[in-house]
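Here is what each chain is made of, one letter per residue.
2 protein chains.
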Amino acid sequence: MASLESLGEKKIIQIIQEQLDVMPSLVLGFKDDVSAISIDGDRLAVLKTDMLVGETDVPPGMSLKQAARKAVVMNVSDFAAKGVTPLVMLVSLGLPRDFKEDDVKETGAGLNEGAREYGVYVIGGDTNEASDLIISCFLLGFSKKERLVSRCGARPGDIVAVTGEFGKTAAGLKILLEGLSAPKKIEKKLKEAVLLPKARLKEGLALSGTGGLTASIDSSDGLAWSLYELSDASNVGFIINRVPVAKEAVEFARIHNLDPWELSLYGGEEYELIVTVKPELWEKTKREIERSGGALMKIGVATEERRIRLQVDGETRIIKRKGWEHFKM
Amino acid sequence: MASLESLGEKKIIQIIQEQLDVMPSLVLGFKDDVSAISIDGDRLAVLKTDMLVGETDVPPGMSLKQAARKAVVMNVSDFAAKGVTPLVMLVSLGLPRDFKEDDVKETGAGLNEGAREYGVYVIGGDTNEASDLIISCFLLGFSKKERLVSRCGARPGDIVAVTGEFGKTAAGLKILLEGLSAPKKIEKKLKEAVLLPKARLKEGLALSGTGGLTASIDSSDGLAWSLYELSDASNVGFIINRVPVAKEAVEFARIHNLDPWELSLYGGEEYELIVTVKPELWEKTKREIERSGGALMKIGVATEERRIRLQVDGETRIIKRKGWEHFKM
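Heads up: the protein sequence lines correspond to chains A and B, in order.
Those letters in the first sequence? Residues 1 to 329, per the numbering used here, in order.
Those letters in the second sequence? Residues 1 to 329, per the numbering used here, in order.
Next comes chain A alone, as it looks inside the complex (with noise of 0.2 Å):
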């Protein structure tokens, strides 16, 4: 029988949903990025888990504080991508049994840094010993109905466009996992995008503000993943015309003879937010995330056949469905 490993995390998903009952009155579906349930009105609880896992969610390099923030920020991203305001946090933690006092208050510090980071507060959780490292966070926020994006809206002809650039948790992966080297100056950019990834909660507020948005998504699984699951949501295809990758990343692919767009294609574990805007509403929804502090690029279009592609200089390449999956590596 299939092992895990084999299954993927897609498929091991399924399983567990064809386990469950469905609620009735679910707004969003079972694989989007939050769950929401109505609770007056058009008023919604909006609701998150994601886990943290040492072995392999934490690289070497990363600090137990760091690595509590970075729980944090992964569910907070989910929000982000939603357009909801996160409120309160609760975190089960399981602490390997060699940790010591300072471990846990790190711990503490950074669940809190994360968490208030995003005007979030940490208002419960449960400790237990466990062989490895394992902080689940625990999401709540409010909504209503009408400013969550869901990733299934995108249309034909809709405008895709990110909120940031992309390569440099790719580069800064390989400097810490495997050892690669970086100049000083780039060296530290590259790895503080893995060390201390942000989430574009500010952004993915004043977007579901505009009603620009049909669809939306964050890049934690990579950018190419995860226009993979937009489209599969949505139903659409996308023709890629740029990828806005961080000069950083351009100058540590030169360096090392390496792809700069399988950098950020196939990345992950960068926290931008993937969107399809309305095009009658492009320069209005990009005036409003600028307005809050934020950019908005423009990267391709939405299409009717559902292939992805990649059309730069006259060239089409095929982007492959391939990210980071738990599991699959």
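Don't read these hints as lab results, they were simulated from the structure.
None of the values given here were measured: they were computed from a predicted structure.
Where is the CB? At the ideal position from N, CA and C, for every residue including glycine.
Take the hints with a grain of salt, since some may be wrong.
What the hints assert, rightly or not - Short, incomplete list of chain A residues facing chain B, as computed with Cβ under 7 Å: (1) A2; (2) E9; (3) Q19; (4) S35; (5) L47; (6) V88; (7) S92; (8) A109; (9) R116; (10) N128; (11) W261; (12) M297; (13) T303.
Let chain A serve as the given structure and place chain B on it in line with the hints.
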């Protein structure tokens, strides 16, 4: 520096709490069984997380389906103690790499079974690879503020009562963990107490509606330990003059020459409710819970003096602050 084992769970929670900014409008204390925030008028959102860890929470003989179901019951029991109806659940899973497709299926089935037993729907979650089985549940429900029963309200003179008998899980764990034997007819019941625990949700909801409760907790960490928690939170002591011991536990104790009091006081993993009741509302409270199909048994009285004593047959014994605590066994 102190390691986890010597710190104990209470101290660990305290260290983490010291790192956290306190939310101004929190309704319950950080150490209560659930967390709650005011969402409008007198309406509260009530949240709980509790993590099941394979190594420490799943005894030999417990199937995956039972383990997943138990993870739900652990969380529902805390809602029961606070008198709040749980509504939806998210689950973060850490699954061992050698898990097979059928193991995933069983886990999903157990989660659904546990949830539906108490009217809850599983509406989302997250899966990860981990070195041990981790089932981290997050429960959300809503409550009117005046119905929520904290740990803090017990006053001297209040009646202490429980919703069921004790001792079966301690005996069951001795069978499952230490291989002790028992006659067929009671062995099944003792093992079932461990493998198929039940949360007293119906009872908790009936109790919170009476207005008779001053404090409430579940007995998941053991009767003695939970009495100490109530005592700490409410600043009272207790004289206990009756502990309802299950007849199967009495027989098991007799066969193995064990103290049935020990099995009942220090067992843990038993999901009864322990409540304090205003004396003038005792009859009404008891009637209400019986109407719901449950039972309420007087076991003692709250006292101004902070000690917790067992007073039976004219003899007085101090009940020890002992129970099942993570990291300290």
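Numbered hints the structure breaks, given as an ascending list: 11, 12, 13
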